[in-house]
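Going down the list, the sequences are from chains A and B. For the first sequence, numbering that gives the first Met the number 0 assigns the number 0 to the initial residue and increments by one for each residue that follows. For the second sequence, numbering that gives the first Met the number 0 assigns the number 0 to the initial residue and increments by one for each residue that follows.
A hint or two may mislead.
Simulated pairs of lysine-lysine, DSS-like, Cα-Cα distance not exceeding 30 Å [what the hints assert, rightly or not]: (1) A:Lys38 to B:Lys37; (2) A:Lys72 to A:Lys209; (3) B:Lys37 to A:Lys367.
Stretches of chain A that chain B covers, calculated by requiring three or more beta carbons in the stretch to come under 8 Å of a beta carbon on chain B [unchecked claim]: (4) 43 to 51; (5) 427 to 435.
The set of hints was computed from the structure by calculation and includes no laboratory data. Beta carbons are placed, not taken as given, at the ideal position from N, Cα and C, and that holds for glycine.
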Amino acid sequence: MRVGLHRIVSLILGIPLAMNQLMAQDRFPRPDFESEYSKPPINTPPPQSTFYEYLDVLILFLALSLASYLVLKKRSRNQIFLLSLFSLAYFGFWREGCICPIGSIQNTTLALFDAGYFIPLSAIAFFILPLIFALFFGRTFCAAVCPMGAAQELVLIKPHKVHPKVAAVLGLLPYAFLGAGVLFAATGAGFIICRLDPFVAFFRFGGEFKMILFGLLFLLVGLFYGRPYCRFLCPYGVLLGWASKFSKWHHSITPDQCTQCKLCEESCPFDAIDKPEPILSADEQKQAGSRLGKLIISTLVLAIVGGGIGYLVSMPMSKMHPTILLAERVMAEKNGLVEGTTLASRTFHESGKLTSDLLTEAQDLRAKFRTGTVLLFIFMGLVIGLKGIGVFFKRTNLDYESNRTDCFSCGRCFPYCPDEHERQKVLDQQKDLYESIG
Amino acid sequence: MSQKNPDKPISRRDFINTGVRIVGSVCLGGLGAAAIVKGGKREMVWQIDPHVCVQCGNCATTCVLNQSAVKCVHAHEICGYCKLCGGYFPPDAESLNTGAENQLCPTGAINRTFVEDPYFEYSIDEALCIGCGKCVKGCSAFGNGSLFLQIRHDICVNCNECAISRSCPSGAITRQPSEQPYLIKGQERPA
Ligand code: SF4
Ligand code: SF4
Ligand code: SF4
Ligand code: SF4
Numbered sequence: 000m001r002v003g004l005h006r007i008v009s010l011i012l013g014i015p016l017a018m019n020q021l022m023a024q025d026r027f028p029r030p031d032f033e034s035e036y037s038k039p040p041i042n043t044p045p046p047q048s049t050f051y052e053y054l055d056v057l058i059l060f061l062a063l064s065l066a067s068y069l070v071l072k073k074r075s076r077n078q079i080f081l082l083s084l085f086s087l088a089y090f091g092f093w094r095e096g097c098i099c100p101i102g103s104i105q106n107t108t109l110a111l112f113d114a115g116y117f118i119p120l121s122a123i124a125f126f127i128l129p130l131i132f133a134l135f136f137g138r139t140f141c142a143a144v145c146p147m148g149a150a151q152e153l154v155l156i157k158p159h160k161v162h163p164k165v166a167a168v169l170g171l172l173p174y175a176f177l178g179a180g181v182l183f184a185a186t187g188a189g190f191i192i193c194r195l196d197p198f199v200a201f202f203r204f205g206g207e208f209k210m211i212l213f214g215l216l217f218l219l220v221g222l223f224y225g226r227p228y229c230r231f232l233c234p235y236g237v238l239l240g241w242a243s244k245f246s247k248w249h250h251s252i253t254p255d256q257c258t259q260c261k262l263c264e265e266s267c268p269f270d271a272i273d274k275p276e277p278i279l280s281a282d283e284q285k286q287a288g289s290r291l292g293k294l295i296i297s298t299l300v301l302a303i304v305g306g307g308i309g310y311l312v313s314m315p316m317s318k319m320h321p322t323i324l325l326a327e328r329v330m331a332e333k334n335g336l337v338e339g340t341t342l343a344s345r346t347f348h349e350s351g352k353l354t355s356d357l358l359t360e361a362q363d364l365r366a367k368f369r370t371g372t373v374l375l376f377i378f379m380g381l382v383i384g385l386k387g388i389g390v391f392f393k394r395t396n397l398d399y400e401s402n403r404t405d406c407f408s409c410g411r412c413f414p415y416c417p418d419e420h421e422r423q424k425v426l427d428q429q430k431d432l433y434e435s436i437g
Numbered sequence: 000m001s002q003k004n005p006d007k008p009i010s011r012r013d014f015i016n017t018g019v020r021i022v023g024s025v026c027l028g029g030l031g032a033a034a035i036v037k038g039g040k041r042e043m044v045w046q047i048d049p050h051v052c053v054q055c056g057n058c059a060t061t062c063v064l065n066q067s068a069v070k071c072v073h074a075h076e077i078c079g080y081c082k083l084c085g086g087y088f089p090p091d092a093e094s095l096n097t098g099a100e101n102q103l104c105p106t107g108a109i110n111r112t113f114v115e116d117p118y119f120e121y122s123i124d125e126a127l128c129i130g131c132g133k134c135v136k137g138c139s140a141f142g143n144g145s146l147f148l149q150i151r152h153d154i155c156v157n158c159n160e161c162a163i164s165r166s167c168p169s170g171a172i173t174r175q176p177s178e179q180p181y182l183i184k185g186q187e188r189p190a
């Protein structure tokens, strides 16, 4: 057992292999058969072909194109919903929720930090394609392609408002989750975004009990509050929001002139419709100017404080890495701080690996964690500060408009606009006309 | 889409947006390229190193699939074809026959067939095996260690992060090049 390592260790130390290690392979001689008997071969079925991965990318591309068309040109809520059902069936239940763009954040990160990790082209495509589409068409991925979004759309039966202050605080979670996901992937501590995927257990009809509970929680909350995962946890949504903010085209409640009839005001279950804000008077502008200075300074202070907190919590955080955890356990056992052993520590001792190697490895990882956690908390400080600035310096819109960052382009608001009714009627008449002509 | 306010501030915003879009697209492309360049060059799949595995039993229960992708594999090449197989019989077996009460395997997944005196062949019925590693433990402790656990790639969906690898106390599950997806005992490849 563990021949490779033992050989190295024994070569270095100049001691022979432990007796039982040698014996393990050859306690009994291999028989010479007199009869015709021949030994059966070992069956080694090859890994599943990558064909499906490329098919997935193709379908992702087509679905994104169709979703963008439905949101921007066709403006049909029903068809958007139908497409989202397809995505739920294909990416969710058929492909069992793997691979998805949300998780691909980690694949991309790991490939950047670990030279031994091969990233499949399909994973890169899954990471990049929805973001490119968001840069041009808004979050059409969320509208009808993401299986997680689709699952939540499906269960939303009685939407309630989330109190704006609660929403603002919970809205920070996706940033933290994004940062933590990247940190953990980069340090090799694991893929926490996949671990906290609430719906994958449903897509696979089975999973760990606590994951099923976690998923049920989101589905239950999702009955009354629209898309809780999307709004308050999804790390990919943060990136999509950034891209969508600068998108070339974007979902609009009405393509015509808004008459400010307010009919759409309450139509969005995700609070993604911005009300018209009056343009500031000269006086107010001056006030705002001086406030901006203070806000920028407090943002910087928040970032510095964040860095400090990050430094303090980096060591507890680093215990999430299995190697660091093991190193601490082994040391604690050695120093008599804990009773007994764990399965992992026993295995470590039996393996004959050197404690000093383990400690060096853990020390390297700790250093990485420290840098990463400090950066993560600086990032969070900046996010909170910039959010604050955003509250006071909203983009002044004259009409009711969907918020480019938050809007999922789901199209629920389309039918609320009376202009839209007019337009659709006109379109229908045109269609009738064309049809009657021939 | 709509040009609702065709005055100056909007066009400045458009200018900024276009800039961000271009920069954003270039960054995304660069990120993708960097990931390809900096990452490994060979496609990888998850596999158990049988020399590191301690047969803790996690393999049977922590795979994301309802029926674990881990199965016992038998390297007949190094098997002793023992009459008294440490992988087949529990140490306290009453008698050496194929009665269920005499079998170590909880699902009766090991077939014991007579070859010639005094040799018996042991083969795994993969449809029944749950990858618990009990037989592997027995065989490693008392026999030649020809039974060992492997992730079967006709079942495994090659998760982003193998759920078993996370719970494996010995770190036996790592990514291996997909053109050599198995680590077969007795066929160790040169380091
Ligand atoms: S916010 Fe996240 S989970 Fe929701 S639809 Fe978008 S990508 Fe999917
Ligand atoms: S979890 Fe690891 S140690 Fe336990 S049986 Fe599986 S490979 Fe072996
Ligand atoms: S004892 Fe466990 S690992 Fe061995 S054949 Fe039976 S089910 Fe499979
Ligand atoms: S990669 Fe996934 S499917 Fe394969 S053995 Fe690990 S947990 Fe099971």
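Practice prompt. Would you list, in rising numerical order, the hints stated earlier that this structure does not obey?
Written response: 1, 2 and 5
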